[in-house]
Amino acid sequence: MRKSNPLLMTLFWLLLSIATLFPIYWLFVISVKPAVDLFTAPSVILDSFYWNNYAKVLTDDTLRRYMLNSVIISSGNAVLVTVLAFMACYALSRYDLAGKENIFFWTITNRMAPAAVFLLPFFLLFTQVFAIGDFRLYDTRIGMILLYCTFNLPFAIWTLRPTIDAIPRELDEAATVDGASSWQVITEIVFPLARPGLAVTLILTWVFAWNEFLLAATLTSFNARTITTGLSEYVTTTGTEWGTMASIAIITLIPAIVVFAVVQRHIVAGLTFGAVKE
Amino acid sequence: MGSNRTGWLLLTPTLVILGVFGILPFIYVLWVAFHQWNAFGANPYMIYNGADNFRRLVFDTEFLESIWFTFQFGFFAVVSEIVLGYFLAQFLMRDFPGKAVFRTLHTLPLIVAPIVVGSVWRLMMTPSIGIIPYFLDAWFGYQLNIGSNAGAAFVVTVIMDIWHWTPLVTLTLLAAIVALPKDPFEQAQIDGANRWQIFWHITLPMIRPAILATVFIRLMDALRTVDEIWMLTGGGPGSATRYIGLHIWKVVFPKTDYGYGSAISVIVLYLTLVLCWLLYVGLVAPRNGRRT
Amino acid sequence: MNMRLRMGMVALVAGLMASTAPAFADFWSDAGAKFKGVTLHGVTESTPPSNYIKDVLAPEFEEKTGIKVEIETTSWDQMYDKAIKDMEAKTGIYDMIYIEQDIVYAYLARNFLVDVTQSLKDDPSLKAPGFDESHFTTFANYFRGENGDLFGVPMEAFIKIYLYRKDLFEDPKIQEAFKAKTGKDLAPAKTHEDYTQIAEFFTEYGKENGLDLWGTTAQAHTGHPASWYEYVESVAPTFGVYNWGINAEKNYAATVENGGSMNSDEAKAALKYWLHLRDIAPPESAASTWTEVASTFAAGRAAQGLVYGENAAWIASDAEKSKVVDKVGVALPPVSDGVMADAESGKGYIGYYDGGAFGLPVTSKNRDAALLFLQYIGQDSVQSGWAVAAPRITNTATYDDPAVKEMDARLGGYYTMLKDEGKLFAGAPPFPFHAQVREVCASIFYKILTGQIGPDEGLDQMAQATEKELTNLGYRK
Chain A
1 MRKSNPLLMT LFWLLLSIAT LFPIYWLFVI SVKPAVDLFT APSVILDSFY WNNYAKVLTD
61 DTLRRYMLNS VIISSGNAVL VTVLAFMACY ALSRYDLAGK ENIFFWTITN RMAPAAVFLL
121 PFFLLFTQVF AIGDFRLYDT RIGMILLYCT FNLPFAIWTL RPTIDAIPRE LDEAATVDGA
181 SSWQVITEIV FPLARPGLAV TLILTWVFAW NEFLLAATLT SFNARTITTG LSEYVTTTGT
241 EWGTMASIAI ITLIPAIVVF AVVQRHIVAG LTFGAVKE
Chain B
1 MGSNRTGWLL LTPTLVILGV FGILPFIYVL WVAFHQWNAF GANPYMIYNG ADNFRRLVFD
61 TEFLESIWFT FQFGFFAVVS EIVLGYFLAQ FLMRDFPGKA VFRTLHTLPL IVAPIVVGSV
121 WRLMMTPSIG IIPYFLDAWF GYQLNIGSNA GAAFVVTVIM DIWHWTPLVT LTLLAAIVAL
181 PKDPFEQAQI DGANRWQIFW HITLPMIRPA ILATVFIRLM DALRTVDEIW MLTGGGPGSA
241 TRYIGLHIWK VVFPKTDYGY GSAISVIVLY LTLVLCWLLY VGLVAPRNGR RT
Chain C
1 MNMRLRMGMV ALVAGLMAST APAFADFWSD AGAKFKGVTL HGVTESTPPS NYIKDVLAPE
61 FEEKTGIKVE IETTSWDQMY DKAIKDMEAK TGIYDMIYIE QDIVYAYLAR NFLVDVTQSL
121 KDDPSLKAPG FDESHFTTFA NYFRGENGDL FGVPMEAFIK IYLYRKDLFE DPKIQEAFKA
181 KTGKDLAPAK THEDYTQIAE FFTEYGKENG LDLWGTTAQA HTGHPASWYE YVESVAPTFG
241 VYNWGINAEK NYAATVENGG SMNSDEAKAA LKYWLHLRDI APPESAASTW TEVASTFAAG
301 RAAQGLVYGE NAAWIASDAE KSKVVDKVGV ALPPVSDGVM ADAESGKGYI GYYDGGAFGL
361 PVTSKNRDAA LLFLQYIGQD SVQSGWAVAA PRITNTATYD DPAVKEMDAR LGGYYTMLKD
421 EGKLFAGAPP FPFHAQVREV CASIFYKILT GQIGPDEGLD QMAQATEKEL TNLGYRK
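As given, the protein sequences belong to chains A, B and C, one line each in that order. Numbering follows this note's numbering, with no gaps: position 95 of the first sequence is 95. Numbering follows this note's numbering, with no gaps: position 100 of the second sequence is 100. Numbering follows this note's numbering, with no gaps: position 87 of the third sequence is 87.
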């Protein structure tokens, strides 16, 4: 199956990457051009750099706060979702629970909801139902972490389930026979084998939380506002501040790349595991 | 192994969270769907109107048009992404120089927020001065104008979606392929099966659940897309890219027509559900004997 | 200098001025003492005038009164959605909200807003000495209720003007060519025919000379209500079709049969006039909202066009964003016969007077403290710095300020026009169903723009759809 020339492969990916990276490169180009040059005949090569957008963005405390919120909310949500989904998938895969396939299918239906209409009940839930004394879920990080479960948990359960199903039951059974507790089976047998799937789930749920816009825009205002919603502040009726928006977007790529690089190592770990037996 | 109590215990947090944040709001939306309610109507309060909203839907050409466009958008985008993503995932199973770097580069589009993606593509596609129309015109004499050419606008939204979300498919399928046991493949190779046979009889059936999960996720997300399209075309030209997520958004936000918007959402939810259920039952359930 | 940097500088200057002029400082600190520990929350769109409130006025107010102010700036749709949800659900999250002129009638109809005039009468201890309602420009009238009381403190106001390239219009070679071709002298158009002729001339001129130049802008986005707005607010009125062609006295009729004028002959002529301009405008017009129209003009791609005042200001003065700094002139939009007379007598108007105010939702839990803040931003003394940082004027005291006068010269007399001819322009019609009807009309309008339906037929459909929607909403009995 793998007789193709490795160099040909490299060439293919090189071309693909150029296509993939072009819009991101263009984002960068926008971020280092003064607004006056955006509406003129474009050139692919940059001849000069204009750093004012970055100077402005990097000294803005509000944006730093938004960024921190985004990191906390997406990381918190990704970890929570991955753990819960791992537990749920293990239960669905290994136990004979009544109606479990219906439950499995039901979980995904939570992702189907068109967000716009559900904003109103979410808003009421956050401001009136979950309001104890002065505390409201509205505009809190924990509120967003919990809320993002509605679309991330279904996703995580559905992507993890095949991974966990594919781990041979004989392995857990053998361990149980050897006297391992359920906890030990989960942590010592299933978890290491599910690592590539878990890593992918973690990354992608993180991405969804990081990018989410409509819910965060409606349900946060000052304290828990995320960078994605902060970006929309630059689209105004007196003109879109393309340059500022682009420079923020470029800066937000940095934490995301870090998270990706760290977590992707575990997919690599999985790959080696698979490749050993090849 | 283990008692079912442990199983339920493991499942409980998920059920609680989805119950509170999934079922409660749904019940609310369903309730609103049976009311006439526009915050700026002559009577701004909820008035029960039975199934009127649903009756109105059936004849609402704007809604039906939107569903049809959305379906086309979802179909082209998701099919392309799955095919492309599958091959890329397979390619990433091989060894070649620079693989780790390329894999990371490939996933970069995922971390650009949709609202930014929409903005960049809008600037790239601005008729006559965006970089893409500019060079298409200079090199091929083709005038790309997503403001006046409905077909072109549709294609651009599909390409944008493919650009943005194929990496997601690649990653999920990669995870599934990595987790495959190796024995069947070795056996097949010993038996002299060719590539196509291996793909059709071994790989495909084994990763079918993962493919289905990916199709579901992508399909649902494509049906819900708002931010990117809103930034890129605003739903135009005409209603050519006014996909259902954006359509609902326009009914609920600017028009504040909560009653009708809720009815549309309920129907869309129902249609998505049916579509996914058919795919699910047709593709996965029989094979695994997973039907309850 | 870009807006934000400039605002920072102004903040510095304003801060210095504040410390040297403690005339009313006592009032603010005394009044603020009652509200120790209160934090006010406001929501507004992130435009330069609002950012000035957030970055300059709010911190100043905080320092003087000890009342904390948090202003959330967000996008236009989000701002409305959040304010409306808050007031509808009575959650009391916001103490101040931005009210654009076009939505004030909807808010008033729902009794969402606190009567500022009355509240200050009820509790004179809250009345700030530097705040006087009568100093506002006539634009404030849009925020008065039926009783004449103020329900919002105006904070920005602009008119959509006819912007033209002075350098091109005054170029002798171009003047000669224009004369040769049309037999007329090249000057800003007064009539639609002249405007069309000039537009056609420049588009051809651009083509002949291989320039990226067209004769007019067109805000003709095929999927964004900006296009419909340009037609109903800036084009149709100049043909004598006012208030979107909806006749409030005739049971909100829109069709000609029922007494409206949305599909009248004038409306149809206006649309065809504008569609022709769209066809000779730069190709990006089909994807242009107000943002792109301004960018097109700023890039020097159009010889003339209708441009919102807030954008006209930076096009004329900000070299970081514009290539035509100091090269533009302002004029009144071209009109049909009789329209100017209508406008002068108050029967009609020749263009759009846009802007907004800060209001106080009745659901606010810090009403009194918020009243103080509203007065703070309405004072005469804060206006000129604000007008320089963001080109808006809502208080008559602003016009005579030297800094504003200097700015006026750079803007080609825009402020003078706002002062003297502002009365010829009008805001959105007093309908409580603004966005609802807009959405209905706009989706048909987009189809006219793409050519899916003809302009006459499209306007007929729009008028009918409008009546149907108004019946649905319960306004049309």
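Note that these hints are calculated values from the structure, not bench results. Quick caveat, the model's predicted, so the values are computed rather than measured. Incorrect hints may appear among the rest.
To be verified - With the Cβ distance kept under 7 angstroms, some of the chain B side facing chain A (calculated, not the full set):
(1) I131
(2) A188
(3) I190
(4) G261
Claimed, not checked - List time: in silico DSSO-like cross-link candidates among lysine-lysine, alpha-carbon distance up to 30 angstroms:
(5) K33/A - K327/C
(6) K64/C - K327/C
(7) K419/C - K166/C
(8) K68/C - K56/A
(9) K100/A - K99/B
(10) K33/A - K54/C
Each residue gets a CB set at the ideal place from its N, CA and C atoms; glycine is no exception.
For the pair we were handed, K33/A and K327/C, check the Cα-Cα distance against 30 angstroms. 23 angstroms, holds
Does I190/B pass the interface check with chain A, least Cβ-Cβ distance below 7 angstroms? 13 angstroms, violated
Would you check whether I131/B satisfies its interface hint, that is, whether its CB is within less than 7 angstroms of any CB in chain A? Hint on I131/B: holds, closest Cβ of chain A at ~4 angstroms, below 7 angstroms.
Restraint check for K68/C with K56/A, where alpha carbons must lie at most 30 angstroms apart: Judged against 30 angstroms, a Cα distance of about 25 angstroms means the pair holds.
For the pair supplied as a hint, K100/A and K99/B, confirm whether the alpha-carbon distance does not exceed 30 angstroms. 40 angstroms, violated
Between K419/C and K166/C, does the CA-CA distance stay at or below 30 angstroms? 22 angstroms, holds
Compare the distance between the alpha carbons of K33/A and K54/C with 30 angstroms, and conclude whether the hinted pair is satisfied. Measuring from Cα to Cα gives roughly 27 angstroms; hence the hint holds.
30 angstroms Cα cutoff - pair K64/C, K327/C: Measuring from Cα to Cα gives roughly 42 angstroms; hence the hint is violated.
Does the CB of A188/B sit less than 7 angstroms away from some CB of chain A? 10 angstroms, violated
Tell me if G261/B is really an interface residue toward chain A, meaning its C-beta lies closer than 7 angstroms to one of theirs. 5 angstroms, holds
Of the numbered hints given earlier, the model fails hints 2, 3, 6, 9; all others are met.
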